[in-house]
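The task is simple: from the sequences and hints, build the whole structure.
The primary structure of each chain is shown beneath.
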Amino acid sequence: MIGPDLRVEGFDVTSWRHLVGLFMPNLEERMDRDAHESDDPAPPDPTEGQGGTLVVIDDPDRVILAARHSFDGAIPALIGESSSQDLRGLCASHGAMRVVVIRAGAMDELSDALAEGLAQEPESHRHGYIAQWLVLLRAVRQMMEVGDLRVWPNPVANVPLPSARMAQRALDAVLPDGKALLAALFDRGRPYTSLVIRRRNGLIDLVAGPDLLTQWTGPLGGDWRRDHRVFTRAVERNVAPVHLGLFAEVSAVREALRSGEPGEWARQVAVRDVIFNPMPMSVKLALGADAVRGISHVSSGLLGGVDLWKAAGPIVSRVRSRWTEIQSVSDELGFDPLVVLAALMRRDEPDLESDEH
Amino acid sequence: MTEPTVALEGASLRPTGAGEVPLRSGAMHYWRLSPDSWRDGLRALKAMGVPMVETYAPWQVHEPEPGQWDFGQTDPRKDLGRFLDMAAEEGLQAFVRPGPHINAELTYFGLPAHIVHDPAMQARSPSGRPVILYFPPRMFPVPSHASEAYLKAVGGWFEKVAEVLRPRLHPEGNVVLLQVDNEIGYYFRNGPFCQDYHEDALVQWIAHLEATHGSLEETSAAHGTEYVTWADALPPKRFGEGVHGEEPKPGELTLQLDWARFQEQMLTTVIDRMAGQMRDAGLGAVPFIHNVSLGEQGLQANVPALGEVVDLVGLDYYHPAREHRTIKRRTLYLDGTTGRAYAPELGVGAPPWFTPLGHDDSLYTALCALAYGLRGFNLYMAVDRDRWYGAAIDSRGRARPEADDWMRLNEALEDLAFHRLERKADVALMIPREYARYARQTHLLGPLSPSSLEALGGTPVDGCRGDSLGFDRPIQLRWWQDLARLAQALTAAGVPYRYVDSEAPLDRLTAHRLIVAPSYTFAATERWARLREATDAGVTVVTGPSAPTLDTTFREATFEPVGERLSLDDEVQVQAAIHAWVERFSLRRPYPTRPPIETSLHEDESGDRVLFVLNPTQESHRAEIALPRPTVATDRLSGEVFEGTDSLTIPMRPQRTRLLSLEAAQ
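So the sequence lines, in the order shown, correspond to chains H and F.
For the record, in the first sequence the residue sitting at position 258 is 258 according to our numbering, with numbers rising by one throughout.
For the record, in the second sequence the residue sitting at position 454 is 454 according to our numbering, with numbers rising by one throughout.
It should be emphasised that the hints constitute simulated quantities derived from the structure, not laboratory data.
Keep in mind it's a predicted model, so treat the numbers as computed, not measured.
Incorrect hints may appear among the rest.
Coverage of chain F stretches by chain H, computed from C-beta distances (three or more under 8 Å per stretch; other residues unrestricted) [as the list claims (entries may be wrong)]:
hint	region
1	124-138
2	188-199
3	444-450
4	454-468
Here chain H is said to cover these stretches of chain F; the calculated rule only asks that three of the stretch's residues, wherever they fall, bring their Cβ under 8 Å from a Cβ of chain H [stated by the list, open to error]:
hint	region
5	376-388
6	393-406
We treat Cβ as the ideally placed atom computed from N, Cα and C, and that holds for glycine.
This is the structure we're talking about:
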């Protein structure tokens with residue numbers, strides 16, 4: 001899904017860090033933390049607390065050849081011991097959160113399996129880098145099945161690997177071919193970072209940052225809540241029709257990404273700290289459901305524990321069952337959940353002039 | 001043979017009939033930018049204070065289809081000649097890197113698709129399969145460094161690109177420096193048994209065995225087996241096969257070390273051959289360089305050997321500020337081993353698919369490396385481009401705010417003639433190549449190689465077996481740990497030191513008064529002989545913790561005692577020895593301060609010129625620095641001035657380095 005001619009451009013160091021930081025919340029902290037000193041023979045400061053990963057390498061007879069804790073360094077005491085023991089116990093006895101046991105030589109065999117898999121699946125070249133990774137992940141899964149790689153706890157024990165076709169279908173839903181995604185984030189009104197992704201001929205071929213977006217838009221008014229239409233039109237002119245545009249205060253996005261609270265996204269949209277323009281049906285549905293959950297959550301408190309979420313359940317089920325044919329969440333529910341939520345939050349009249357949804 | 005028109009003198013270039021050109025440049029990729037923005041980019045780059053522009057010349061871009069060449073005839077972005085001429089018009093010299101491998105985050109690392117997909121040119125794994133590189137945006141089979149078919153195609157590329165470059169070499173043009181290939185090292189697929197088992201590589205392997213051991217019989221004896229023909233003398237496919245319990249079978253370790261040395265030699269050979277092809281193409285009038293990637297201590301690239309086939313070998317730097325010790329160690333190794341520390345790539349920004357680096361990281365890396373002896377660099381990238389973020393100048397040639405810091409740094413380096421200064425060190429720590437090779441072979445994580453682990457912030461021995469393999473200790477781990485212990489103790493004592501590769505030219509060894517060389521049960525007799533030569537030249541050599549009794553074929557050998565012995569594995573003894581050395585050799589400890597603050601002095605014949613003060617920690621400190629005389633110190637980046645009679649007190653923010661120019665107080 002990632003094209004061989006992919007262009008990634010238009011980011012300065014700040015806008016890139018801001019973008020990556022959204023998805024790696026502890027990025028700044030991690031970057032500032034002292035690395036394990038590469039020429040320090042002493043183990044690092046253990047005050048980082050319990051946790052970390054125990055990596056054990058054994059031979060085909062399950063004799064441990066090397067063991068290393070990500071915080072404490074090498075563990076000579078394990079050399080020569082058997083790795084056939086209970087991995088949970090091994091983890092606990094060394095204060096690790098997880099343990100990975102790899103048979104010596106297995107990584108080389110994995111590389112061969114990748115070469116073999118790519119040779120057998122030439123269509124993967126059409127699907128690009130992600131499909132190539134799926135070939136590699138299938139080889140990893142096979143390694144796990146034969147015990148050459150053992151992980152505890154195993155985070156993917158019962159998770160099926162998607163096929164390249166499934167991955168492609170998922171991408172089709174998020175970013176149809178010939179379309180672009182646009183996200184522009186602001187920090188108290190000032191540009192924070194932005195991102196344009198284009199898909200062409202089935203493959204993602206452009207990831208553009210603020211430098212290019214600014215070039216395409218030209219001078220702006222300075223109020224992103226009004227300027228967002230200019231952004232969208234500029235991308236339509238220079239890149240591709242926009243499938244989804246997201247404009248937001250970065251604090252709102254952070255809160256929505258990290259908050260488990262029902263209705264958080266819908267609330268941010270309602271108070272116009274997040275604007276979707278255009279908003280594809282899938283996002284409308286997701287927001288609608290989120291809003292209903294949010295209303296239920298709030299009203300449950302106001303109504304002494306009466307859970308409107310349960311009451312709304314049948315409606316939501318209907319939405320889900322008919323999501324391909326409905327035209328808007330509002331039509332289906334009989335009310336606009338975002339407007340209602342906004343009113344609930346602001347305790348004033350709904351803003352019927354809103355054109356964001 | 002072409003007469004040289006540009007000489008490499010110290011850390012600068014000396015083109016005939018022209019002034020000195022310090023080895024400082026900034027990278028700009030012409031084919032990735034609109035020609036309309038070239039001039040603005042070049043001007044902004046020059047305004048940043050560098051005398052040279054650097055660019056790759058990507059084979060893939062200029063030959064998109066077999067035999068279809070485009071150097072601007074069709075696509076104006078590909079007009080390398082016009083770009084170089086424009087740089088000359090703007091008063092910039094040029095440093096060009098025509099690959100053939102350039103990486104540059106290009107798909108297939110800049111090689112044409114028809115090259116990487118040609119089975120005859122592909123490197124092979126032990127099972128004969130192609131060797132796949134995982135990098136985005138497309139995994140691909142890497143070429144074989146030994147493939148004759150590949151090298152023939154490379155020769156054709158050099159002929160073509162030379163048609164553009166040759167008429168632009170100094171003095172006719174502004175090209176004063178060329179690079180041969182890029183970051184040699186099996187394309188990051190450099191685990192000990194990843195590659196290369198290509199049939200042309202196996203021919204080289206047999207020749208290597210013959211040159212090392214002599215006859216087939218002698219090779220058989222060394223490997224503890226009986227080869228009937230040379231075709232039987234196959235390279236090892238893994239380490240464990242000949243190891244039973246703690247005891248390797250006779251000959252197993254010799255075979256492994258032969259393979260490790262061969263992998264180094266193959267890389268040197270291909271760089272030598274490519275350099276020859278470039279000379280044959282008429283490009284030999286200017287110096288050739290090569291750059292070694294991150295993780296060089298775990299890599300098969302042999303820096304001293306590469307230094308014999310090109311004029312200068314440098315290291316590439318991409319580090320977060322928290323990797324202070326790694327930056328320091330790499331620079332001390334480069335300075336100690338080559339005597340001319342140069343960074344063909346000093347990261348300004350980074351590719352989007354690696355750990356994000358900030359401007360502070362880039363600046364800290366530059367200053368820390370300069371503090372420990374780096375004399376020149378290429379700012380990579382100076383001008384922004386596709387698949388990169390954080391360049392100092394944007395793709396339309398407008399300086400970003402970060403460019404101000406680079407401009408101030410360049411101005412300071414120029415003003416201080418930093419490329420002519422010297423960081424003196426009396427002590428060298430020897431990196432014994434035989435132990436590095438041994439460690440590589442005992443690495444257990446295959447393609448997650450020693451070099452990769454080191455580049456990711458670990459050490460090249462992190463993935464090694466932990467058992468002793470029949471020796472009195474796990475030598476594959478201890479050599480690194482013992483050197484690290486020494487380095488820490490020297491830093492704590494404020495004694496400047498360097499690392500020197502055991503295969504560095506003898507004059508690099510004799511440039512020091514004291515060499516500390518780890519030794520264990522086995523050692524390379526060649527290294528021992530060189531240590532003796534150093535001793536004869538007046539250098540004091542200290543070995544330990546063990547006296548070797550076996551050579552690198554693991555047979556009994558005579559090692560006449562060299563110098564003195566020290567238990568490098570005993571921290572107390574190491575610290576005591578360093579204090580004794582300070583007294584005994586009157587070791588200089590210039591501008592001492594208290595850890596964790598570090599200082600590093602650079603001087604010339606006129607005296608002390610530049611003092612770096614480094615705070616590698618995450619806390620603020622007040623550095624108290626003892627002065628040999630009343631001094632005025634000016635921070636050349638911030639403009640702050642500090643003055644003292646006996647000492648200086650300097651506030652140090654977290655993870656910051658100050659570049660102070662020194663003057664005697666009136």
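Cross-check of the supplied hints:
Residues of the region 124-138 of chain F with a Cβ under 8 Å from some Cβ of chain H number 11, which satisfies the need for three, so the listed coverage holds. With a cut-off of 8 Å between beta carbons, the region 188-199 of chain F has 4 residues touching chain H; three or more are needed, and the interface restraint holds. Only when three residues or more bring their CB closer than 8 Å to a CB of chain H does the claim for the region 444-450 of chain F stand; here the count is 5, and the claim holds. Coverage of a stretch by a chain is defined here by at least three residues with a beta carbon nearer than 8 Å to that chain's beta carbons; for the region 454-468 of chain F and chain H the count is 10, and the condition holds.
Beta-carbon proximity to chain H at under 8 Å applies to 5 residues in the region 376-388 of chain F; the threshold of 3 is reached and the given coverage holds. Remark: the region 393-406 of chain F is confirmed as covered by chain H, as 5 of its residues place a Cβ nearer than 8 Å to a Cβ of that chain, reaching the required three.
Checked against the numbered hints above, the structure breaks none of them.
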